[in-house]
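Q: Top line first, the protein sequences correspond to chains A and B.
Quick note on the numbering used here: the first sequence kicks off at 5 and runs consecutively.
Quick note on the numbering used here: the second sequence kicks off at 98 and runs consecutively.
Bear in mind the hints are in silico, worked out from the structure with no lab data behind them.
This structure is a prediction, so every number in the text was calculated from the model and none was measured.
Think of the CB as a built atom: it goes at the ideal place given N, C-alpha and C, for glycine as much as any other residue.
Keep in mind that the hints are not guaranteed to be accurate.
[Stated by the list, open to error] Here are some chain B residues pointing at chain A (derived, C-beta under 7 Å): (1) R100; (2) A101; (3) F103; (4) A104; (5) I126; (6) G129; (7) P131; (8) T133; (9) V135; (10) G216; (11) P246; (12) E254.
[Stated by the list, open to error] Label-pair ranges, simulated between beta-carbon atoms: (13) I21(A) to Q258(B): 11 to 21 Å; (14) P19(A) to D204(B): 41 to 51 Å; (15) N113(B) to G25(A): 35 to 45 Å; (16) A36(A) to R170(B): 36 to 46 Å; (17) E41(A) to A243(B): 19 to 29 Å; (18) R57(A) to D157(B): 23 to 33 Å; (19) E23(A) to S156(B): 41 to 51 Å; (20) E112(B) to R37(A): 14 to 24 Å; (21) D157(B) to N24(A): 37 to 47 Å.
[To be verified] Partner residues aside, some chain A positions facing chain B, computed with beta carbon under 8 Å: (22) D22; (23) N24; (24) R28; (25) Q30; (26) I31; (27) R32; (28) L35; (29) P39; (30) E40; (31) R42; (32) L43; (33) R44; (34) V46; (35) E47; (36) E51.
So the chains spell out like this:
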Amino acid sequence: MSVRSEPADASQAAPDIDENGVDRAQIRAMLARTPEERLRFVEAFVESALEIRELNAPRPVR
Amino acid sequence: MPRARFAEILRLLAENEVEFIVVGMAAGILHGAPVTTVDLDLVHRRTRENVGRLLRVLSDLDATYRHDPRRLRPGESHLIGPGHQLLATTYGDLDCLGTIDEDRGYDELLPLSVEMALGEGRTVRVLTLPALIELKERAGRPKDLAALPVLRATLDETRRQLGRGSRSS
Chain A
5 MSVRSEPADA SQAAPDIDEN GVDRAQIRAM LARTPEERLR FVEAFVESAL EIRELNAPRP
65 VR
Chain B
98 MPRARFAEIL RLLAENEVEF IVVGMAAGIL HGAPVTTVDL DLVHRRTREN VGRLLRVLSD
158 LDATYRHDPR RLRPGESHLI GPGHQLLATT YGDLDCLGTI DEDRGYDELL PLSVEMALGE
218 GRTVRVLTLP ALIELKERAG RPKDLAALPV LRATLDETRR QLGRGSRSS
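Working from the sequences, and respecting the hints, build out all of it.
A: Have a look at this one:
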């Protein structure tokens with residue numbers, strides 16, 4: 005699954021989609037970060053996704 | 098409760114001198130691929146000393162088997178073997194893999210890994226991007242094949258940037 009939220013430092017970059025549908029601008033934005041920053045960026049995304057999933061989880065019927 | 102603090106898990110492992118290699122999509126992310134994952138996969142060195150260090154960190158992380166309602170904890174006999182230990186921890190899901198890709202363990206993967214700085218003098222070993230791509234090509238599952246275009250494009254961009262760097266120096 006691709007990370008859809010746009011990194012802050014890529015806000016100026018227009019999408020640059022290659023022949024396989026991969027946005028090269030997203031890759032360049034990730035490469036501009038340090039490895040730790042890359043990991044923390046994904047962590048924030050995953051945390052948000054898990055929170056939303058939890059909020060929408062089926063509740064047991066009482 | 099925090100559920101995806103992969104950098105924190107890596108920090109704890111590095112601080113406690115656990116020998117391991119980050120594999121899977123977390124390796125791709127560390128190399129700059131714009132992908133995501135909900136677990137951290139690593140291949141650990143299966144010596145008694147290293148497994149002991151790993152167990153101490155897992156205890157600090159309150160690691161239990163992910164799909165076991167009894168909340169069983171991994172022990173030395175589990176981690177010394179070649180199997181996959183799928184764990185839930187305070188900082189997110191962590192898979193400790195004895196071997197991957199037809200019995201390749203830490204020692205076999207070591208030449209296919211690079212050391213990566215994670216700040217504050219900490220380093221971790223990460224599977225190289227070409228090795229990760231090769232692994233996913235061989236695995237051939239739909240989820241592996243789906244990741245390949247992004248991983249290949251990331252490798253291509255990395256090589257382009259390195260090429261520009263060497264031309265300018």
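Q: Next, verify each hint and record whether it holds.
A: Quick rundown of the hints versus the structure:
Checking R100(B) against chain A by beta carbon gives a least distance of about 5 Å; that is within 7 Å, so the hint holds. A least Cβ separation of about 4 Å between A101(B) and chain A falls short of the 7 Å threshold, and the interface hint therefore holds. This hint holds: F103(B) has a C-beta 5 Å from the nearest C-beta of chain A, less than the 7 Å allowed. Against a cut-off of 7 Å between C-beta atoms, the interface hint on A104(B) holds, since the closest Cβ of chain A lies about 5 Å away.
A cut of 7 Å between beta carbons decides the hint on I126(B): the least distance to chain A is about 5 Å, and the hint holds. Using the Cβ-Cβ criterion of 7 Å, the hint placing G129(B) at the interface with chain A is satisfied: the shortest such distance is roughly 4 Å. With 7 Å as the threshold, the beta carbon of P131(B) comes within range of chain A, its nearest partner Cβ sitting at about 4 Å, so the hint holds. Below 7 Å, beta-carbon pairs count as interface contacts, and T133(B) has one with chain A at about 5 Å; its hint therefore holds.
Using the Cβ-Cβ criterion of 7 Å, the hint placing V135(B) at the interface with chain A is satisfied: the shortest such distance is roughly 6 Å. A cut of 7 Å between beta carbons decides the hint on G216(B): the least distance to chain A is about 5 Å, and the hint holds. A distance limit of 7 Å between C-beta atoms decides the matter here; for P246(B) the minimum to chain A is near 4 Å, and the interface restraint holds. The beta carbon of E254(B) comes within 5 Å of a beta carbon in chain A, closer than 7 Å, and the hint placing it at the interface holds.
Range check, I21(A) to Q258(B): Cβ separation about 19 Å, and the 11 to 21 Å hint holds. For P19(A) and D204(B), the Cβ-Cβ distance of about 42 Å falls inside the hinted range of 41 to 51 Å, so the restraint holds. Remark: the range hint 35 to 45 Å for N113(B) to G25(A) is upheld by a beta-carbon distance near 41 Å. Roughly 40 Å separates the CB atoms of A36(A) and R170(B), a value that falls within the hinted 36 to 46 Å.
Between E41(A) and A243(B) the beta carbons are some 25 Å apart, a value that agrees with the proposed interval 19 to 29 Å. Judged by the Cβ atoms, the range 23 to 33 Å given for R57(A) and D157(B) holds: they are separated by roughly 27 Å. Between E23(A) and S156(B) the CB atoms are about 49 Å apart, so this pair conforms to the stated range of 41 to 51 Å. Between E112(B) and R37(A) the beta carbon distance is about 23 Å. The supplied range of 14 to 24 Å therefore holds.
As the Cβ distance of D157(B) to N24(A) is approximately 42 Å, the hint placing it in 37 to 47 Å holds. Given the 8 Å rule on beta carbons, the hint for D22(A) holds: about 6 Å separates it from the nearest Cβ of chain B. Among the interface hints, the one on N24(A) holds; its C-beta lies about 4 Å from the nearest C-beta in chain B, closer than the 8 Å criterion. Against a cut-off of 8 Å between C-beta atoms, the interface hint on R28(A) holds, since the closest Cβ of chain B lies about 6 Å away.
Hint on Q30(A) holds. Least Cβ distance to chain B is approximately 4 Å, under the 8 Å limit. Annotation: interface hint on I31(A) holds; nearest CB of chain B at approximately 5 Å, less than 8 Å. For the restraint placing R32(A) at the interface with chain B, the shortest Cβ-Cβ distance is roughly 6 Å, inside the 8 Å limit, so the hint holds. Among the interface hints, the one on L35(A) holds; its C-beta lies about 4 Å from the nearest C-beta in chain B, closer than the 8 Å criterion.
The interface hint given for P39(A) is met, as the beta carbon of that residue sits about 5 Å from the closest beta carbon of chain B, less than 8 Å. At about 5 Å, the closest approach between the beta carbon of E40(A) and any beta carbon in chain B falls short of 8 Å, and the interface hint on this residue holds. With its C-beta approaching chain B no nearer than about 5 Å, R42(A) sits inside the 8 Å limit, and its interface hint holds. Hint on L43(A) holds. Least Cβ distance to chain B is approximately 5 Å, under the 8 Å limit.
The beta carbon of R44(A) comes within 6 Å of a beta carbon in chain B, closer than 8 Å, and the hint placing it at the interface holds. Hint on V46(A) holds. Least Cβ distance to chain B is approximately 5 Å, under the 8 Å limit. For E47(A), the interface hint holds, since its Cβ comes within 8 Å of a Cβ in chain B; the closest pair sits about 5 Å apart. Interface restraint check for E51(A): the shortest CB-CB distance to chain B comes to about 5 Å, inside 8 Å, so the restraint holds.
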